[in-house]
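Whenever a hint applies, use it, and build me the whole structure from the sequences.
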Amino acid sequence: MRYLALLHFTEGHSRTAIATMLKVSRTSVNKWVTTYLSQGLSGLDDKPNPGRPPQLSLAQQACLKAFVQQRSLSEQVGRLMAKNISHFIQSEFGVTFKQANIYRLLNQLGFSWITTRSRHPKQSEAAQAAFKKLPNGNDP
16 MRYLALLHFT
26 EGHSRTAIAT
36 MLKVSRTSVN
46 KWVTTYLSQG
56 LSGLDDKPNP
66 GRPPQLSLAQ
76 QACLKAFVQQ
86 RSLSEQVGRL
96 MAKNISHFIQ
106 SEFGVTFKQA
116 NIYRLLNQLG
126 FSWITTRSRH
136 PKQSEAAQAA
146 FKKLPNGNDP
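Each residue of the sequence shown is one higher than the one before, starting from 16 at the first, in this note's numbering.
Please note that the accuracy of each hint is not assured.
To be verified - With a straight-line Cα cutoff of 25 angstroms, these simulated SDA-like cross-link-like pairs (lysine to any residue) come out:
no., residue 1, residue 2
1, 46, 72
2, 113, 69
3, 113, 95
4, 113, 94
5, 38, 59
6, 137, 94
7, 80, 62
8, 137, 124
9, 62, 16
10, 62, 41
11, 137, 83
12, 38, 19
13, 98, 110
14, 80, 116
15, 98, 128
16, 80, 107
17, 137, 147
18, 113, 78
19, 80, 16
20, 147, 128
21, 98, 82
22, 98, 88
23, 46, 69
24, 62, 43
25, 98, 72
What the hints assert, rightly or not - Pair by pair, the computed Cβ-Cβ distance ranges are:
no., residue 1, residue 2, range
26, 61, 109, 28 to 38 angstroms
27, 65, 115, 16 to 26 angstroms
28, 122, 62, 48 to 58 angstroms
29, 38, 80, 45 to 55 angstroms
30, 66, 27, 38 to 48 angstroms
31, 36, 108, 49 to 59 angstroms
32, 29, 69, 41 to 51 angstroms
33, 28, 108, 20 to 30 angstroms
34, 66, 29, 29 to 39 angstroms
35, 88, 38, 30 to 40 angstroms
Hints are computed from structural coordinates only; laboratory data are not their basis.
For clarity, every value in this text was computed on a predicted model and none was experimentally measured.
C-beta atoms are modelled at their ideal positions from N, C-alpha and C, and glycine is treated no differently.
Have a look at this one:
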């Protein structure tokens, strides 16, 4: 649209006529033409949109990443869940996240939310092995 407006401008049409032809405001056409005259065609390219600033600083994100790594490898604690991470963020940084945003934040930090089968922290491997050796009524 911007380039079409410039084409009409270079053909000698007035800015008001260009706005009417393209069904845009005259202010937009004025801005496009002024930008073109001062910066050339590259000035009409879309500028990157920075978006909303992150709620956690880089240092806080590093602290959160260390917490997740430490807790996920710990054998004393059961499965690490989003509500645990949300509680940690709330208590440490005073920022509230919804559960969907916790998953998005973990993805940005390089984690994937694939969980293994849960294991009780106090489970006994020996008791499980003994249970597997019990005779079953269906065994031949």
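Now for the hints, and whether the structure bears them out:
Pair hint residue 46 plus residue 72 does not hold up; C-alpha atoms about 36 angstroms apart against a cutoff of 25 angstroms. Of the supplied pair hints, the one linking residue 113 and residue 69 holds, its CA atoms being roughly 14 angstroms apart against a limit of 25 angstroms. For the hint linking residue 113 to residue 95, the alpha-carbon distance of about 16 angstroms falls within 25 angstroms, and the restraint holds. Among the hinted pairs, residue 113 with residue 94 is consistent with the structure: their alpha-carbon atoms are about 19 angstroms apart, no more than 25 angstroms.
In summary, the hint linking residue 38 to residue 59 is supported, as the alpha carbons are separated by about 19 angstroms, within the 25 angstroms threshold. This hinted pair checks out: residue 137 and residue 94 have alpha carbons roughly 13 angstroms apart, not beyond 25 angstroms. Between residue 80 and residue 62 the CA atoms are separated by roughly 31 angstroms; this puts the pair beyond 25 angstroms, and the hint is violated. Simply put, residue 137 and residue 124 have alpha-carbon atoms about 30 angstroms apart, too far for the 25 angstroms limit, and the pair is violated.
Taking the CA atoms of residue 62 and residue 16, the gap is about 16 angstroms. The hint holds against a cut of 25 angstroms. Proposed proximity of residue 62 and residue 41 is supported: the alpha carbons are some 21 angstroms apart, at most 25 angstroms. For the given pair, residue 137 sits about 21 angstroms from residue 83 by alpha-carbon distance, which is consistent with the 25 angstroms threshold. A distance of roughly 12 angstroms separates the Cα atoms of residue 38 and residue 19; the hinted pair therefore holds under the 25 angstroms criterion.
With a CA separation close to 13 angstroms, the supplied pair residue 98 and residue 110 stays within the 25 angstroms bound. Restraint check for residue 80 and residue 116: the C-alpha separation of about 15 angstroms stays at or below 25 angstroms, so the hint holds. At most 25 angstroms may separate the alpha-carbon atoms for a hinted pair to count; residue 98 and residue 128 meet this at roughly 13 angstroms. For the given pair, residue 80 sits about 13 angstroms from residue 107 by alpha-carbon distance, which is consistent with the 25 angstroms threshold.
Only pairs whose Cα atoms come within 25 angstroms are accepted, and residue 137 paired with residue 147 is accepted, the gap being roughly 18 angstroms. Annotation: proposed proximity of residue 113 to residue 78 holds, straight-line Cα distance about 19 angstroms (limit 25 angstroms). Restraint check for residue 80 and residue 16: not satisfied, since their Cα atoms lie roughly 45 angstroms apart, outside the 25 angstroms limit. Our distance criterion of 25 angstroms between C-alpha atoms is broken by residue 147 and residue 128, whose separation comes to about 31 angstroms.
A distance of roughly 14 angstroms separates the Cα atoms of residue 98 and residue 82; the hinted pair therefore holds under the 25 angstroms criterion. Restraint check for residue 98 and residue 88: satisfied, since their Cα atoms lie roughly 18 angstroms apart, inside the 25 angstroms limit. The straight-line distance between the Cα atoms of residue 46 and residue 69 is roughly 31 angstroms, outside the 25 angstroms bound, and the hint therefore fails. In summary, the hint linking residue 62 to residue 43 is supported, as the alpha carbons are separated by about 16 angstroms, within the 25 angstroms threshold.
Of the pairs offered as hints, the one joining residue 98 and residue 72 holds, with about 20 angstroms between alpha carbons and a cut-off of 25 angstroms not exceeded. Take residue 61 and residue 109: their Cβ atoms lie about 36 angstroms apart, and the range 28 to 38 angstroms holds. Separated by about 22 angstroms at the C-beta atoms, residue 65 and residue 115 satisfy the suggested range of 16 to 26 angstroms. At about 26 angstroms, the CB distance of residue 122 to residue 62 disagrees with the hint of 48 to 58 angstroms.
The supplied range of 45 to 55 angstroms is met by residue 38 and residue 80, whose beta-carbon atoms lie about 50 angstroms from each other. Hint check: residue 66 to residue 27, Cβ distance near 40 angstroms, so the stated range 38 to 48 angstroms holds. Remark: the range hint 49 to 59 angstroms for residue 36 to residue 108 is upheld by a beta-carbon distance near 53 angstroms. Here the CB-CB span from residue 29 to residue 69 is close to 46 angstroms, well matched to the stated 41 to 51 angstroms.
Separated by about 56 angstroms at the C-beta atoms, residue 28 and residue 108 break the suggested range of 20 to 30 angstroms. In this structure the hint that residue 66 and residue 29 lie 29 to 39 angstroms apart at CB holds, the actual value being about 37 angstroms. Separation of residue 88 from residue 38 is about 60 angstroms and departs from the stated range, judged on CB atoms against 30 to 40 angstroms.
Taken one by one, the earlier hints fail for this structure at numbers 1, 7, 8, 19, 20, 23, 28, 33, 35, listed in ascending order.
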